[in-house]
Every structure is written in structure tokens, then in C-alpha cells.
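Participant: Protein chains in written order, with the numbering used here: chain B, 1 to 249; chain C, 1001 to 1260.
No wet-lab data here; the hints were simulated from the structure.
Ideal placement from N, C-alpha and C gives every residue a C-beta, glycine not left out.
Honestly, I wouldn't trust all of these hints.
[Said to hold, decoys possible] Once the Cα atoms are required to be at most 27 Å apart in a straight line, the calculated DSSO-like pairs of lysine-lysine come out as:
1. C/Lys1258 / C/Lys1003
2. B/Lys74 / C/Lys1258
3. B/Lys13 / B/Lys55
4. C/Lys1225 / C/Lys1154
5. B/Lys55 / C/Lys1006
6. B/Lys52 / C/Lys1225
7. C/Lys1258 / B/Lys13
8. C/Lys1154 / B/Lys74
9. B/Lys55 / C/Lys1003
10. B/Lys3 / B/Lys115
11. B/Lys61 / C/Lys1154
12. B/Lys74 / C/Lys1084
13. C/Lys1154 / C/Lys1258
14. B/Lys52 / C/Lys1152
15. C/Lys1258 / B/Lys55
16. B/Lys3 / B/Lys74
17. C/Lys1256 / C/Lys1154
18. C/Lys1084 / B/Lys61
19. C/Lys1154 / B/Lys13
20. C/Lys1006 / C/Lys1152
[Claimed, not checked] Covered stretches of chain B (chain C as the covering partner; in silico rule of three or more C-beta atoms under 8 Å from a C-beta of chain C):
21. 44 to 50
22. 62 to 74
23. 77 to 91
24. 96 to 106
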Amino acid sequence: MIKINNLCKSFGKNHVLKGVDILIPEGNITAVLGPNGSGKTTILKILLGLVKPDKGNVFWKQRITHGDYSYRNKIGYLPQIARFPENLRVRELFSMIQDIRQQPSDLEPLLDAFKLRPLLNDRLRHLSGGTRQKINTVLTFMFDNDLFILDEPTAGLDPVAMIQLREIIARKQKEGKTILFTTHIMSLVQEMAQQIIFLLDGRIYFQGSVQELQKLHGEHNVERAIARILEVNEHEGVLDSVQPTASTL
Amino acid sequence: MIKTLKYSFYDLARSNWTYLYMLFYLLTALSLLFLSNDLSRVIVSLMNIIIVLTPLIGMMLGTMYYYNTRDFAELLLAQPIQRKSVFLGQYLGLSLSMTLSFLVGLGIPFIIYGVLVSSEVWNFSMLLLVGVLLTLVFAALAFLVAAMFENKIKGFGVAIVVWLSLAVVYDGLFLLAMMLFESYPLENAALGITLLNPIDLSRILIMLKLDISALLGYTGAVFNKFFGTSLGLLVSLGALSLWVLAPLGLFLRVVKHKDF
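Isolated chain C, as found in the complex (with noise of 0.2 Å):
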């Protein structure tokens, strides 16, 4: 598994998409930074930013890169190792290199700004970590979403599907159901849901760490009420976690009884 994460590695970080992805959340960073000295503002903005983003190119790469090493990944499976360590190394590999794409991107602009002095400093972080935690869970429904579908267009399509229904629709149906069922008592039932959903679960996350409640919408007000800052917290990094497992899981799963 390390070898086959090592080399995915070797070839993504000379992939002209990783730069591009590095040089995207670059200029952004740079450009909200000196556009606004308030640096908790420029972090919401770019919370915004990244809480759609990643998730699209998350699946965009992931897909792109499943199909375009599927003839290779034949070659590699007709070697003496397991299936799961072809795959899990692949994933792994891919990860790796959109986190630190990402993480270099969006760091050197404020570390030039001085955030690490700042007293925004753990606020930062988290809106790091939740970039990192979407890009791991979208790369990996991306591959499960590849490993499914033989066909590319199809491939891509769902992928689309996936992401805009997480991202922009959930929301939408979100938001009618709660207009609709006004007048019950829907706290437990929004929790619910809103575990359900990654994109929303990181909004929660970095809403509840910056402690902006005029933010926090109605989701997160209930999170906040029913568990509390530090336990929502706590909560919400634990459901995103297994909103990295189970796609994985599932995808290894699909990988495994597969014919290639």
C-alpha cells in the first residue's frame, strides 16, 4: 500500500492540476487578505469558499483520476498484492496530494500575514482541518462513485449528482421541509438530518469554533443548543470522520468483488 501510495503520490505532485488547485486557493487567500483587514471576516469568506470547492474538486479529481489510472490499475493488481492495498494506496496517494495543495496554498498567505501570531490562530486551523476532512470524504465518494459506474460520462455524471445534491439541494429541500412542518417540534429530526450531510456538517463546525451565532442559521443553533460548543464540536468531527469511512469502506467493498 505504501508503494502504490508512494508513486500516485509521485505522479499527482507533477500533475499540472495540483499546481493549478495550489495557485487557486493562493490567490484567493492573497486576494480577501488585502482586501480586508479583518482576518476572523476573511475567514468566513473563504469558509464559504471552501466548503462548495472542495467538495467539487474533490469529486472532479477523484473520478478524473480513477478513470485515468483504471489501465494502469490492472497492470498493478496483476502483481502479487492485495486489491486493497492497489486502492487504498491510490486513494491515499490522491489525498495526500490535494490536502497539501490545499494546505500549502491556503498557508502561505497567512502565514505572511501573521495569523500564527493572531489570536486567530485555532480558528484558522479549523477551517483547515474541515478543508482537509471534505477533501478525503469527497475524493473517496468519488471513487465509489467511479469504481461504480464503468462508464465515464455516467461516472461523471452521478459525481455531478452527488455533489450538487450535497452542496446546493439538501439545503433547498432542507429549508421547504422545515417551512412545511413549521409548526412540530423538528430539532431532533434537523439534527438528524443535518449529520446526513458533510457540507453542512463543516459549516456547523467552523461556525460553532468561530462562535458567530448570527451565522449559525437554524441547523447550527440547534446543534449549538442541543449539544453545547465544545461537545458539538466534538460531535460534528466525529460524524465527518465517518463520512470519510464509510465511502471508503464501501468503495473497497465494490473494489474487491469487481472485475477488472
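So here's chain B without its partners, still in its complex pose (with noise of 0.2 Å):
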């Protein structure tokens, strides 16, 4: 289970997450969603210990993650934005990433998965985006981790891959695996995540099932549940961000 107390960061003026709870079972595919600058890859990425919080903790499996690194050894990640050292080879991209993490790795099915074969001996400079975004889920899925974390998993992704993806994460989710992932695609949301995080502003906005979503807006398509939510609150929206400048006065 992924524990997250009362988490704030800000950079600079900016105030990205604004005291943020969550819990996330383990073995479940959660989603994290909520409109651009909400502070989705924020919190990714604190769970990572990439970014530092300004206040709050992370727990995993019982033991705070900040200040530690070792806990990565179980967690793959994928990154929004893939680039590589450029003069490497793709072969030699896998085996450095192996080389550091020192885990037995299930590589070969994947590379078929992704038909990323014929391209072993490749240059990483010369490859697509679409190809290093495969090459990416590849280097997060090989080796057996207990949590994934992906951020927009399916951007870039040609839709052949798109249903290759679908299927690993089911898998690994079928092995009992935690996986939290970002993405704007309400169809990936419906059809895989047991829970949803709606951020908004730096807060949570709601927290629960699809079903539960879906319940307390009357609307069975999720991303009509989720354009209510932004409709609604930006009425709201005006009124909030009067009453501050008003109190200051």
C-alpha cells in the first residue's frame, strides 16, 4: 500500500500540490487525472524521489521513501519524455539498465511484443519518438517490480502498441501488481482503473471507483464525468479566486 500524508510542494510562486492525501491499495490500477499543471507528474515523481517535497511523507510498504533510494529497486518507471544518450545503441541502452539494476530481467518477450528486434543494433539518435517511447516501456517493464509508475503511458504510441501496453498492464496487474498511471485517454480509464484520483488546483477532487464517479454526476461516460467536474468547478473558479484578492484589500 502507497500511503501519502498531507504532501505539499510549490516551485517558486507556483503552488502545485496544496496538502494531498491519498492511499493506494496495493494490486490495483489507479488513475491519476485531473487537467494540465495539476500536479499529476508532481506526485509521480516525489513518490519517485525525483522531486523533493515541502512538506508531507510518502510511505511504501511501510517504511518512508524519503531519503532512501533502494525502494526503487522495485518500482519501473516511465517517464513522459524519452531521450537517450544519443551515441548508444539500443542493445546497449538494455544491457547499461541491467547492468545497474542487477535484477533478473525478462527482456525477449517484449521486444517481440514491441517488434523492436530488427532494431537492436540502432543508434538511439536515429530513432522515432514513437520508437523510444516503446524502447521506454520496454526498459520499465523488463524487470519483475511490484509498483509501475507511468506518466502518459500511451503518448506517441502507435495503436498496435497501444494494445500491447493495454495487455502487459493487465497482466501485470493479474500478478498482483500496483500500477498508478497518468494519462488524458478516458477510454484507458474506463476500460483499466479500479480507482480514480481527480486533481484539481493542487487538491484532491475526488477520490474512489469509476463507478463512484460516475454516480455522482449522473453520467456513465467517464470523460463526461470528468468534463462536468471541470465545468462545474470553474464557476466556482471565478468565485474562489475573487474572494482572496477581496480579503486582501
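Two chains, two separate frames, one set of hints: put the complex together.
Facilitator: Following this line, the structure appears as C-alpha cells:
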């Protein structure tokens, strides 16, 4: 179980997270949703120790993650942007990460699934964005991790690769792994996620199952339900932003 | 750390920049050696090139490399390794590849020329040592600057300014101060100020080794008088090593608290 307590983070004047509490049960697929700049990636990066929170704690497996690094040997992370050392070959990149992690890996079936085998000897700088994203996906899933953190995993993938990705995610969940992902593609959420965390303005607006979200706004379609939240909030948001300025006057 | 070092080095060993840098020193050394038959003169000319150019190239390649590998560093930081290992590995990988290009580029022409059997072999070694130290100093400064400025344009700008101030502006200001305050005893102040500039230190180091008092300049002469040749060599070498460690330590501190 991942437990996040009162997480706060600001970048300069920009308060990205304003006290976020999250519980993520083991073996679940959780989708983190929210408009651009709502702090989705920041939460994922704090989980990984890439961003240091101003306040609050992250517990995973009953242990505080802050200041530690060994806990990451059970986490697979798929970042949003895939960039690799330009002059290395695809094969060398895989062996580099294997060399760093020193864990048993299952590379071969993934290479076939994403049809990367013919590219193994290519230089990384010659590859297209979509191909790099596929390589990134393979790097994430090649180790037997307990937790997979995916930041917009579908970005840049072609439909065939997308189907492969969905299958891999479903398979990992059957194996009892925890998956946490952000996306803007609601059909993916509806199909895969058991839990939804909806972030708005640095706070959690909604946390619960897909069914609960649908019930809440009387919409069967997740996309519509989310759009409803945003519409309603835009009206309230106007009032919200007026109030503090009035009080400071 | 060794692993990130290894792959950084593999990556850079296939970069065109590495070979261009090597080729530059190769051609410069070759042409100087064929233009002049006096080895010690060639060494002095090369020194003047090295103390300006090695810092510039170190600064530029360092910032460029840091920014280029930034996204990949993020991926590495998500692996079960310490931040320090990732960044120290990258720094050492870059330093190693630049050092090798420098040593091979200068070494081949001089070895062909027969420096190993000449009386200049130790002076030449000092030239190489200074070049390597300057590479280490400015690669560390470059990493520090790049880590402090998220914006690439700003980062490159600051890197150029740092190089320019240490290589050019510093000397000018120094001379100006000497002229303005010439009626005061400035020896000790001059000594202190020299220790604050790695490029000045490198020049003095080579001059002391070559024992060319005419070229020592004011600071060099003060240095020589104060420490004597052998102690002067040790002090400047020590100060130069501190110039490697200080920015490197600062860089590691900056990335330790940084958000990626």
C-alpha cells in the first residue's frame, strides 16, 4: 500500500500541491487525472524521489521513502519524455539498465511484442519519438517490479503498441502488481482503472472507483463526468479567485 | 558510479565532438612542432593556447553534455542508485573522454618528435598535467552552472561569462588594481588573488617548471619569491586541485536538493 500524507510542493510562486492525501491499495490500477498543470507528474516524481516535497510524507510498504534509494529497485518508471544517450545502441541501453539494476529481467518477449528486435543495433539518436517511447516501455516492464509508475504511457504509441501496452498492464495486475498512471485518454481509464484520483488546483477533488465517479454526476461516460467536474469548477473557480483578492484589499 | 561512468564514456567515445577536440590539438601541436625546432618554445606557445582553450571547451562541452543528458538522468535517478553516483559518474565520464582526447591529441605529435628522449620531457609532462587539471576544473564548473540554471540559454550565457571573467577580465582588473595601488605593498594581496584564478595558477605552474623568469609576469615573480620554485609548484598544484574539488562538491550539493 502506498500512503501519501499532506503532500505540499511549490515551484517558486507556483503552489502545485496544497496538501494531498492519497491511499493506493496494493494490486490496483489507479489513474491520476486532472487538467494540465494540476500536479499529476509532480506526485509521481515525489513517489520516485525525483522531486523533494516541501511538506508531507510518502510511505510505501510501511517505510518512509524520503532519503532512501533502495526502495526504487521494486519500481518501474515510465517517464513522459524519452531521451537516451545519443551515441549508444539500443542493445547497449538495455544492458546498461540491466547492469545498473542487477535484477533478473524478461527482455525477450517485450522486444517481440513491440517489434524492436530489428532495431537492436541502431543508434538511439536515429530513432523516432514513438520508437523511443516503445523502448522506454520495455525498460519499464522488463524487471519484475511491484509498482509501476507510468506518466502518460500512451503518448506517441501507435495503435498496435497501444494494444500491447494495455495487455501488459492487465497482465501485471493479474500478477498482483500495483499500477499508477496518468493520462488524458478517458477510454483507457474506463477500461483499466479501478481507482481514480482527480486532482484540481493542487488538491484532490475526487478519489474513488470509476463507478462512484459515474454515479456522482449521473454520467455513464467517464469523459463526460470529468468534463462536468471541470465545467462546474470553472464557475466556482471564478468566485474562488475573487474572494482572496477581496480579502487582501 | 562506475557503471554510469562507463556508459557516459561509451557514449562520448562515439561523439564527433570528442574527435574534433582531439584533432584540433593534434593539428596545432603538429604545426607548431614543424614551424619551430625549439621544443621549449613550442611548449610555451602551446601553454598559451591550452590555458585559454581548455577552459573554454571544458565549459562548453560540460554545459552541453549536462543539458543533453538531463532527461536521461531523470530515468537513471528513478533507478535504485544514489543521485551522487549518477552525477559523479557523468562528470567523470565526460572528464575522462576529454582528458583522453587532450592527451592523445598532444601526445602523438610530441612522441613522434621524440620528446621522450629529450630534456624537455618533464616540462612537457607539466603541460599535460596542467591541461588535464584545467579540464577537470572547468568541466566541474560547467556542471555546476548547468545544474543551477534550468534554462539552457541562461546556462550557456553564464558559462561563457565565467570563462570570460577567469580567462580575460580577471587579468585586466588585476593589472588595473596593481597600477592604481602601486605605491602600496601588494605582494601578499597579489598572491592571494592569484590563488583565486585557476587559469593564472596554471600559467604560473608551467612558468615555474620551465624556469623562464622573463615570462613569469608580476604574479609569477611574486609567487617565485615567496615560495621558491619547488614549494611554489606544490602550492599552485594544491590550489589547482582545490579548484577541481570545490565546484564538484558544490555541484553535488546542488543536485542533491534539486527537483527533476
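Participant: If a hint holds in the structure, say so; if it does not, say that too.
Facilitator: Verification of the supplied hints:
1. Note on C/Lys1258 and C/Lys1003: the hinted pairing holds, with a Cα-Cα distance of about 22 Å set against a maximum of 27 Å.
2. A C-alpha spacing of about 23 Å is found between B/Lys74 and C/Lys1258, which places the hinted pair at or below 27 Å, so the restraint holds.
3. Between B/Lys13 and B/Lys55, the direct Cα distance comes to roughly 16 Å. Compliance with the 27 Å bound is thereby established for this hinted pair.
4. Annotation: proposed proximity of C/Lys1225 to C/Lys1154 is violated, straight-line Cα distance about 42 Å (limit 27 Å).
5. Taking the CA atoms of B/Lys55 and C/Lys1006, the gap is about 37 Å. The hint is violated against a cut of 27 Å.
6. Restraint check for B/Lys52 and C/Lys1225: the C-alpha separation of about 52 Å exceeds 27 Å, so the hint is violated.
7. Among the hinted pairs, C/Lys1258 with B/Lys13 is consistent with the structure: their alpha-carbon atoms are about 16 Å apart, no more than 27 Å.
8. Distance hint between C/Lys1154 and B/Lys74 is unfulfilled; the C-alpha atoms sit about 37 Å from each other, more than 27 Å.
9. For the proposed pair B/Lys55 and C/Lys1003, the alpha carbon gap of about 33 Å is over 27 Å, so the pair is violated.
10. At most 27 Å may separate the alpha-carbon atoms for a hinted pair to count; B/Lys3 and B/Lys115 exceed this at roughly 37 Å.
11. With a C-alpha separation of about 42 Å, the suggested pair B/Lys61 and C/Lys1154 falls outside the 27 Å cut-off, and the hint is violated.
12. Between B/Lys74 and C/Lys1084, the direct Cα distance comes to roughly 20 Å. Compliance with the 27 Å bound is thereby established for this hinted pair.
13. A hinted pair counts as satisfied when its Cα atoms are at most 27 Å apart, and C/Lys1154 with C/Lys1258 qualifies at roughly 18 Å.
14. For the hint pairing B/Lys52 with C/Lys1152, the CA-to-CA distance comes to about 22 Å; that is within 27 Å, so the pair holds.
15. For the given pair, C/Lys1258 sits about 15 Å from B/Lys55 by alpha-carbon distance, which is consistent with the 27 Å threshold.
16. This hinted pair checks out: B/Lys3 and B/Lys74 have alpha carbons roughly 16 Å apart, not beyond 27 Å.
17. Under the criterion of a C-alpha separation no larger than 27 Å, the hint pairing C/Lys1256 with C/Lys1154 is consistent with the structure, at around 21 Å.
18. The straight-line distance between the Cα atoms of C/Lys1084 and B/Lys61 is roughly 25 Å, inside the 27 Å bound, and the hint therefore holds.
19. Of the supplied pair hints, the one linking C/Lys1154 and B/Lys13 holds, its CA atoms being roughly 20 Å apart against a limit of 27 Å.
20. With a CA separation close to 26 Å, the supplied pair C/Lys1006 and C/Lys1152 stays within the 27 Å bound.
21. With 4 residues bearing a CB less than 8 Å from a CB of chain C, the region 44 to 50 of chain B meets the requirement of three and the coverage assertion stands.
22. Evaluation of the coverage hint for the region 62 to 74 of chain B: fulfilled, as 5 residues show C-beta separations to chain C shorter than 8 Å, against a requirement of three.
23. Beta-carbon proximity to chain C at under 8 Å applies to 10 residues in the region 77 to 91 of chain B; the threshold of 3 is reached and the given coverage holds.
24. Check on the region 96 to 106 of chain B: 5 of its residues sit with their Cβ under 8 Å from a Cβ of chain C, so the three-residue criterion for coverage holds.
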